[in-house]
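> The residues making up each chain are set out below.
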Amino acid sequence: MATNTWTRHHVLSLADFTTDEYNTVLQTAASFSEVLSRRTKKVPTLQGQVVANLFFESSTRTRSSFELAAKRLSADTLNFTAATSSLTKGETILDTAKTYLALGTDMMVIRHREAGVPQAIAAEMDRLGVRVGVLNAGDGQHEHPSQALLDLFTICTLLNPQQPQVELLQGKKIAIVGDILHSRVARSNIWSLTASGAEVHLAAPPTLLPQMFADFGTDRLGNTFLHWQIEPALQNADFVMTLRLQKERMTQYLLPSLREYHQLFGITRDRLQLCKPNVKVLHPGPANRGVEISSDLMDDPQFSLIQAQVTSGVAVRMALLYLMGSGV
Amino acid sequence: MATNTWTRHHVLSLADFTTDEYNTVLQTAASFSEVLSRRTKKVPTLQGQVVANLFFESSTRTRSSFELAAKRLSADTLNFTAATSSLTKGETILDTAKTYLALGTDMMVIRHREAGVPQAIAAEMDRLGVRVGVLNAGDGQHEHPSQALLDLFTICTLLNPQQPQVELLQGKKIAIVGDILHSRVARSNIWSLTASGAEVHLAAPPTLLPQMFADFGTDRLGNTFLHWQIEPALQNADFVMTLRLQKERMTQYLLPSLREYHQLFGITRDRLQLCKPNVKVLHPGPANRGVEISSDLMDDPQFSLIQAQVTSGVAVRMALLYLMGSGV
Amino acid sequence: MATNTWTRHHVLSLADFTTDEYNTVLQTAASFSEVLSRRTKKVPTLQGQVVANLFFESSTRTRSSFELAAKRLSADTLNFTAATSSLTKGETILDTAKTYLALGTDMMVIRHREAGVPQAIAAEMDRLGVRVGVLNAGDGQHEHPSQALLDLFTICTLLNPQQPQVELLQGKKIAIVGDILHSRVARSNIWSLTASGAEVHLAAPPTLLPQMFADFGTDRLGNTFLHWQIEPALQNADFVMTLRLQKERMTQYLLPSLREYHQLFGITRDRLQLCKPNVKVLHPGPANRGVEISSDLMDDPQFSLIQAQVTSGVAVRMALLYLMGSGV
Numbered sequence: 001m002a003t004n005t006w007t008r009h010h011v012l013s014l015a016d017f018t019t020d021e022y023n024t025v026l027q028t029a030a031s032f033s034e035v036l037s038r039r040t041k042k043v044p045t046l047q048g049q050v051v052a053n054l055f056f057e058s059s060t061r062t063r064s065s066f067e068l069a070a071k072r073l074s075a076d077t078l079n080f081t082a083a084t085s086s087l088t089k090g091e092t093i094l095d096t097a098k099t100y101l102a103l104g105t106d107m108m109v110i111r112h113r114e115a116g117v118p119q120a121i122a123a124e125m126d127r128l129g130v131r132v133g134v135l136n137a138g139d140g141q142h143e144h145p146s147q148a149l150l151d152l153f154t155i156c157t158l159l160n161p162q163q164p165q166v167e168l169l170q171g172k173k174i175a176i177v178g179d180i181l182h183s184r185v186a187r188s189n190i191w192s193l194t195a196s197g198a199e200v201h202l203a204a205p206p207t208l209l210p211q212m213f214a215d216f217g218t219d220r221l222g223n224t225f226l227h228w229q230i231e232p233a234l235q236n237a238d239f240v241m242t243l244r245l246q247k248e249r250m251t252q253y254l255l256p257s258l259r260e261y262h263q264l265f266g267i268t269r270d271r272l273q274l275c276k277p278n279v280k281v282l283h284p285g286p287a288n289r290g291v292e293i294s295s296d297l298m299d300d301p302q303f304s305l306i307q308a309q310v311t312s313g314v315a316v317r318m319a320l321l322y323l324m325g326s327g328v
Numbered sequence: 001m002a003t004n005t006w007t008r009h010h011v012l013s014l015a016d017f018t019t020d021e022y023n024t025v026l027q028t029a030a031s032f033s034e035v036l037s038r039r040t041k042k043v044p045t046l047q048g049q050v051v052a053n054l055f056f057e058s059s060t061r062t063r064s065s066f067e068l069a070a071k072r073l074s075a076d077t078l079n080f081t082a083a084t085s086s087l088t089k090g091e092t093i094l095d096t097a098k099t100y101l102a103l104g105t106d107m108m109v110i111r112h113r114e115a116g117v118p119q120a121i122a123a124e125m126d127r128l129g130v131r132v133g134v135l136n137a138g139d140g141q142h143e144h145p146s147q148a149l150l151d152l153f154t155i156c157t158l159l160n161p162q163q164p165q166v167e168l169l170q171g172k173k174i175a176i177v178g179d180i181l182h183s184r185v186a187r188s189n190i191w192s193l194t195a196s197g198a199e200v201h202l203a204a205p206p207t208l209l210p211q212m213f214a215d216f217g218t219d220r221l222g223n224t225f226l227h228w229q230i231e232p233a234l235q236n237a238d239f240v241m242t243l244r245l246q247k248e249r250m251t252q253y254l255l256p257s258l259r260e261y262h263q264l265f266g267i268t269r270d271r272l273q274l275c276k277p278n279v280k281v282l283h284p285g286p287a288n289r290g291v292e293i294s295s296d297l298m299d300d301p302q303f304s305l306i307q308a309q310v311t312s313g314v315a316v317r318m319a320l321l322y323l324m325g326s327g328v
Numbered sequence: 001m002a003t004n005t006w007t008r009h010h011v012l013s014l015a016d017f018t019t020d021e022y023n024t025v026l027q028t029a030a031s032f033s034e035v036l037s038r039r040t041k042k043v044p045t046l047q048g049q050v051v052a053n054l055f056f057e058s059s060t061r062t063r064s065s066f067e068l069a070a071k072r073l074s075a076d077t078l079n080f081t082a083a084t085s086s087l088t089k090g091e092t093i094l095d096t097a098k099t100y101l102a103l104g105t106d107m108m109v110i111r112h113r114e115a116g117v118p119q120a121i122a123a124e125m126d127r128l129g130v131r132v133g134v135l136n137a138g139d140g141q142h143e144h145p146s147q148a149l150l151d152l153f154t155i156c157t158l159l160n161p162q163q164p165q166v167e168l169l170q171g172k173k174i175a176i177v178g179d180i181l182h183s184r185v186a187r188s189n190i191w192s193l194t195a196s197g198a199e200v201h202l203a204a205p206p207t208l209l210p211q212m213f214a215d216f217g218t219d220r221l222g223n224t225f226l227h228w229q230i231e232p233a234l235q236n237a238d239f240v241m242t243l244r245l246q247k248e249r250m251t252q253y254l255l256p257s258l259r260e261y262h263q264l265f266g267i268t269r270d271r272l273q274l275c276k277p278n279v280k281v282l283h284p285g286p287a288n289r290g291v292e293i294s295s296d297l298m299d300d301p302q303f304s305l306i307q308a309q310v311t312s313g314v315a316v317r318m319a320l321l322y323l324m325g326s327g328v
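Residue numbers (this note's numbering), protein chains in the order written: chain A, 1 to 328; chain B, 1 to 328; chain C, 1 to 328.
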């Protein structure tokens, strides 16, 4: 696998990812995808190493995805969830991380509802001079790099199953629709898609997509566009990414009703007529059927990449854990 | 192992199990029992495969039993419990199952407090054309097939340790005592025991054993009998199965008090005098000592098969996972 | 490894540990420490065996430490936590333990908030004539033997990394400061340290260190001393053990405030001037920074052994599981 250019111990943000790094992740994930198509889906790569999943915010799919990725690399896993943790006893998050370091953890996968926690833990590991990799599995509304990388892998393998690479996205139009303001998934995707040369169109009501997003990414490729209606975003789009709508946005007076949201910004079969004929839809899950996406569309393999995204997730996370372990 | 006649990917209900299928489970479980008597209790059968335990209803013993069965077959396991799940985020149960499918799960063990959930998930897997086995680990008050199969294995290996088979139950009298109305364990056991040619006697207060049960199973072998007192059920019984009494039955006005229930339907050393001299008592656990069974009887190895049931459970569940994986 | 003198199946208390036993644990843990310094940190010692972590009281670090120790010995692990358990259904603790026995558990690691529970389970296993080892991972305010053994290992390997043995503690002065009344860690440490020939000085406010402690251990080596101020305990101390202060002690009227406690009994850089120049500080974790120990001291590798304790924990727990499995 093409790891010769990989130098990161940590995967915290995509803001400074290079094209080479994106392509290394894509190619390594493609190799692991091949492993996952065998009957015995395990490789001994991380035998004897320990991956700790430190989920200070609860999660089913992301935690299971990382756990399975680690097990398929033959690592041992430790699961920590805040509900049963020493945090209720007043220990600091850095102390929890240092405890897992001292236990013998080789890599930490960290989710926290506050932005910056994985970065703070990674900085502490570096300060201590230890070779422990830290992966950001979602920090507040900031970033969720492995989700954006699995979205990228899902799209690129669709375009070229044998040789997924970011160059395939050159000139593609990708719409991201939904609660962009609060979405770490959107933020990470904006980095990876604009770096790949795609044209990124964001669409949401103004309460969920403030003006500041217009400038987001313009210092890199200048190809992010902002819309307060859905139609111009979907027009001729190659891919549509929908985002989960947190129901608590309504009690925050950011939305009138789920029904109205669906009428204005829900992805439906009708609306997809605006897109390119082969348009595909992505959703990071878990989805609210009939809110951000119509229920029948979610289950239609002609349009939906939702299941492919989950499958890609295991391969991409195997790739990330493998690369972090091999970084010099 | 005699798997040549096995064709099921799913184990959802015992209602349509054939004698051949019961005997295949018993013989396969006997083989795994032998494995479990060795010092190294593992076989590589399911190496690299993933068994997901999706417990939408919490459980200690059943979840641990399945987890251990999977690990002893060298499978990797993923544990999902509703408390920490996306269900709180509004995802549907089918979406959760499809996520685990897309993650790469080979077999799903499912418990849910509503009847029919494992069946719905199995139907969806079949509709999708994927080879994922679904095992019902308890659905509402409907069925709990692996419990009835471990009860059957426990009884048959007692009658013939080398060659457990359902024919050994021909003409045996088996009493099932307790809250039959609400018991999925009783329902599954009625299917397996009547199919085995045993005479099944149900005993409970009328509030917990409505008249409709009189007809249950009569279209098959016609050997189920209903009693509103315990004595006729115990008379000359070879085996007595007690059921857990949920304490909330009292607040539902179905029972006057636990003490009165014990006086009328509790299994005690005295009451066992009515049975055959070698009578044995089973309980699916966890038991309320002094309610459905007297405390001293639970611990008396002359009568109690309770510990043997738990041990049988691991062998039977290894057999089921193995057979589901081998089904054509 | 020097296991020829080891005869215990259970590790419940240090009250009757012999010098030979302490040294066997220290030497075995030193061997496993060497394993943990390799890249592949696993040995096949307990392949195919099952270690059940029965934590009736929640814990992060101790449970993870035992889980990792078991996995590094290649055992399969089952985790039980009270929150999701049958205990809410009214099953007795002995019944839960017997269920895990019947499932095929080889060793049980038990934590419970009431003193005596691991001992009761061990007695039941012995009564049943089964070879299942029981390890007390903390019972109420009584004992926490593996914590005291890892403290001992941490101190002894500092004094002689190649040959840790209790004789190294002869004549050393060790201060234990904090809520000794409620601490199972302190109780276990008093046994091991006095048995090792160290001079043990206990320091706490009178509400947390009643007069009865003055006599504790005096029937063995007579070298435990009690202080209601911190200064005489620290004077010329070689090691200082601080204890976690439960914040609920204040609502119990045992303490005026955390701030006053820190002023009177907190371990600070200034106070350490009273000790020997090479003094080291231990804390069982999780720590309240700025209460029982100043925050900067916790992170100062010149003084703090806190991280070393966590690392020692895995090696010591591997040693205990290994020895319990080898006991005759």
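Some hints here could point you the wrong way.
If you anchor each label on the Cβ, the simulated ranges turn out as follows [said to hold, decoys possible]:
hint: 1; chain 1: C; residue 1: E114; chain 2: A; residue 2: Q47; range: 52 to 60 Å
hint: 2; chain 1: B; residue 1: G140; chain 2: A; residue 2: T268; range: 28 to 36 Å
hint: 3; chain 1: B; residue 1: D20; chain 2: A; residue 2: N236; range: 25 to 33 Å
hint: 4; chain 1: B; residue 1: K276; chain 2: A; residue 2: Q47; range: 34 to 42 Å
hint: 5; chain 1: C; residue 1: N278; chain 2: A; residue 2: T92; range: 41 to 49 Å
hint: 6; chain 1: C; residue 1: P161; chain 2: A; residue 2: R131; range: 16 to 24 Å
hint: 7; chain 1: B; residue 1: D16; chain 2: C; residue 2: K247; range: 53 to 61 Å
hint: 8; chain 1: C; residue 1: S326; chain 2: B; residue 2: K247; range: 38 to 46 Å
hint: 9; chain 1: C; residue 1: R38; chain 2: B; residue 2: S326; range: 36 to 44 Å
Hints are computed from structural coordinates only; laboratory data are not their basis.
By construction, the Cβ of each residue, glycine as well, lies at the ideal position given by its N, Cα and C atoms.
> Run through the hints listed earlier and report the numbers of any the structure violates, in increasing order.
Violated hints (numbers, rising): 1, 3, 4 and 5; every other hint is consistent with the structure.
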